[in-house]
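Trainee: One letter stands for each residue in the lines below.
Protein chains: 2
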Amino acid sequence: MKKESVGIVETKFFKIAKDLKLESGKTLSDVTIAYETYGKLNKEKNNAILVCHALSGDAHAAGWHEGDKKPGWWEILIGPGKALDSEKYFIISSNILGGCQGSTGPSSINPNSPKINIGEKDSEDIKYGLDFPVVTIKDMVKAQKKLVDSFKIKKLLAVIGGSMGGMQVLQWMVSYPKMVKKAIPIATAAHSSPQQIAFNEVGRQAIISDANWKNGNYYLSGPPENGLAVARMVAHITYLSNESMYEKFGRDLKDKEELSYDFTMDFQVESYLHYQGESFVKRFDANSYLYISKAIDYFDLSSNGSLIEGFKDVKSKVQIIAIESDWLYPSDQSKDILTALNANNVEVSYNELKSSYGHDAFLLEGGQLNYLVSNFLSDTVVKDLMYHDITTITKDTKIEDAAKKMLKEHVTHLPVIGEDEKLIGIITAWDLSKSIAIKCNDLNEIMTKNVKTCTSNDPIEKIASKMKKYDISCLPVVDEDYKLKGIITTDQISHLLTNS
Amino acid sequence: MKKESVGIVETKFFKIAKDLKLESGKTLSDVTIAYETYGKLNKEKNNAILVCHALSGDAHAAGWHEGDKKPGWWEILIGPGKALDSEKYFIISSNILGGCQGSTGPSSINPNSPKINIGEKDSEDIKYGLDFPVVTIKDMVKAQKKLVDSFKIKKLLAVIGGSMGGMQVLQWMVSYPKMVKKAIPIATAAHSSPQQIAFNEVGRQAIISDANWKNGNYYLSGPPENGLAVARMVAHITYLSNESMYEKFGRDLKDKEELSYDFTMDFQVESYLHYQGESFVKRFDANSYLYISKAIDYFDLSSNGSLIEGFKDVKSKVQIIAIESDWLYPSDQSKDILTALNANNVEVSYNELKSSYGHDAFLLEGGQLNYLVSNFLSDTVVKDLMYHDITTITKDTKIEDAAKKMLKEHVTHLPVIGEDEKLIGIITAWDLSKSIAIKCNDLNEIMTKNVKTCTSNDPIEKIASKMKKYDISCLPVVDEDYKLKGIITTDQISHLLTNS
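Taken in order, these protein sequences are the chains called S and C.
For what it's worth, the numbering used here labels the leading residue of the first sequence as 33, then goes sequentially.
For what it's worth, the numbering used here labels the leading residue of the second sequence as 33, then goes sequentially.
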């Protein structure tokens, strides 16, 4: 199936009717959540998937805003024919509480500002700034739930997200276990590590140290652009692997032949970081950066020091995806989640993206992500993929005839069936070679009798694992009477990867 | 031998008589190099060791400045009885060119300042600032050579340093191959990686973005403390391993029981970073930070893209030391140096510190460093350590008597000698056990005949490797006639590690 875009989309705004009680004990009123949706909610309201974004993301996950040059941030995964298929699913993506891309955050108007009644004040002057309460991942998820409730959705088919988006996924599993059928936390952790906190604190200090920050009251005077740019630069380094930086930049110079011996930019990697910093300050609010990074630091799903206890109520089916070259959210953190979920008998699988991109791979590795996520979501079963029209032989077939059949039909496996169409064995090209080597003419002697099989309703994931485990490339599909119904090969499964 | 301190020391100052021509083509006049020395230069002037410091180091590597609360930065390695033994060696440690701890750098008075003749100007106003030329690692080493020359030292016994100090070591090997007998580059690289450049650039941007920086002209108005603190904080994260941060801080809160839900410091790791930042700005010049980090970025010993070519003139004996948990200067960078030196037939060894400390381990792992460095420097040979007074048996000794002897002398190995004192075999406690198991009474049947041996002039390093390779804990020492002269055990060698 061709992968397409959802096309032109618009951001919408949802107002939470009541005050939102926060984890800190404080309350927020007049909360707005910016969101986008792709696809249609079905009548049963059971095809909704919630997408959660990372630190610098927004509600615009896919498609194009009128006039834009770039699509949404997860265009690789969302759209017709992609894993988050807008022809099948109703996809909801919202900007987090505390953000600055349409949802209520520190750069929003404070409805309770003491200055609000003065009337003549510039509206920039009545923005929250540091009067905005500290929000947590749990608060963000609570606000998302209000949005989901507004669609009268009782249960989400799935919640998915990477990095801080993955934290929200985990929080959903814990806060609203009955509302999450499937969960896909990617490149994330059940708590921030001291190293992650340290990098966040450096970013915050860069902002706070900027003379333009003015204790967060910069909305009239102009934002702390330098500090925010430095925060983004250091964060960006942590999103890339050492290896990918070598591949991308090496020690190449930027627009010069020789070292400059001054403090202009010498290396391409410097220029790249500057670009990242500069483009970020155009679209992001420095105070939001403070609040969101703090929410990440605070995140810890352990209960009484135990992650197993923290996950005790989880009901979802979970697919954990880690990235092998991610050193900011190393795969050990994902494995900790796996272990704790296993201890709670949660149905959980673990996969690692083979990628040298580092943490950023969750935004880049479209092929692998589409493969993993679409299989996990679609519940593809063997019958969706298997060949029905198969060439078989019987135990009386002569070896020479079997070889001819194989050649003619261009296959490497020939199931051997009895009179009642029951499977009695299988012959491979390799078996035929063997027969020559050992000078044997009896099919019965060379065929494999104890054949591994599957049924047509087996999930593809399970079958793929089985074939990997036994190192076989083909499985006969049988019914309950062991009658042969078809055949499935690793080739067919792997095609899912390239062209789902 | 007891390890002691060199005691009270003073920093001295060396003035380079002539102008110093720099790699950039520019020239520096009136250059001063701050330095300290420990121990005495012998008559032959062949016991001098040069110590090179890292980014934030200084000339004060060991001992105590009058009234100070902390000793020099490499006190663990320098002093009587330590690897850099001030009773044996003459140790020179100097502050780098471009630094701010006594050597000429951007915070020094500019003798050519156009303002200098005005007379009434504050001396702070005639400091270099950004008029200081960009210096390189090669320039730093060139200045160090002038200092070494001033002692009339023709050849350094060794040059040693970690991190940027290791870069200087490598540069010495290349710039002055005949002057370096032994070289010990630790936790370093032959060129900065794009990730290292990126982190340095973030630090520079933090400084440059600080409104107090004023294009480097802050010596009258006050330094860019916030920016420099942020630079130090981010650098400090890169000096620690993820693992050591977990061990040191975990997610422990700082002086509070619960999260504060504000932007004060919540976690101990934040408090630690702040402390690092604050104490750094008290002792370090922000402009020096810019210049030194730039020198690190520029460092690249490749010649025509080849490190093998870059090292083609190296004559030194080299001991490379990497750190297994160092992610800023990962061991692969040290292995690249090893490969390129091997390709040039340089006598080189490679060791990794077993440490979870990360890059900082070169300042912390005293035990391992003293062991590796002292062996490499001292040329300890077997006769320095071996037991001379050994218990032996002859091939006619009864098994029972051998067992009694072993018990009485409390040994696990009994060399078997012939009439002419030649070694003919060895019996171990394990052999005796075997004799019981197989009910054998003939010593001749159970003893090991093809014994691995060493000679009394074998270097300890070589013997340690041999014992490791063959997994044996004891080697008989023989002379050229295969007469037994002594015995050496892994116990004796390992004692070097704990108490040299």
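Note that these hints are calculated values from the structure, not bench results.
For clarity, every value in this text was computed on a predicted model and none was experimentally measured.
Heads up, some of the hints might be wrong.
When chains are identical, the list treats them as one kind, so a pair holds in a single copy or across two.
Stated by the list, open to error - As a list, the in silico SDA-like pairs of lysine to any residue whose alpha-carbon atoms are at most 20 Å apart:
hint : residue 1 : residue 2
1    : 147       : 518
2    : 515       : 36
3    : 170       : 293
4    : 170       : 283
Trainee: Could you run down the list of hints and mark each one as holding or not?
Mentor: Each hint, compared with the structure:
1. 147 <-> 518: neither (74 Å within a copy, 91 Å between copies)
2. 515 <-> 36: neither (40 Å within a copy, 84 Å between copies)
3. 170 <-> 293: This pair counts as between: shortest inter-copy Cα distance 13 Å, intra-copy 50 Å.
4. 170 <-> 283: between (43 Å within a copy, 18 Å between copies)
Violated hints, listed in ascending order, are 1 and 2; each of the other numbered hints is respected by the structure.
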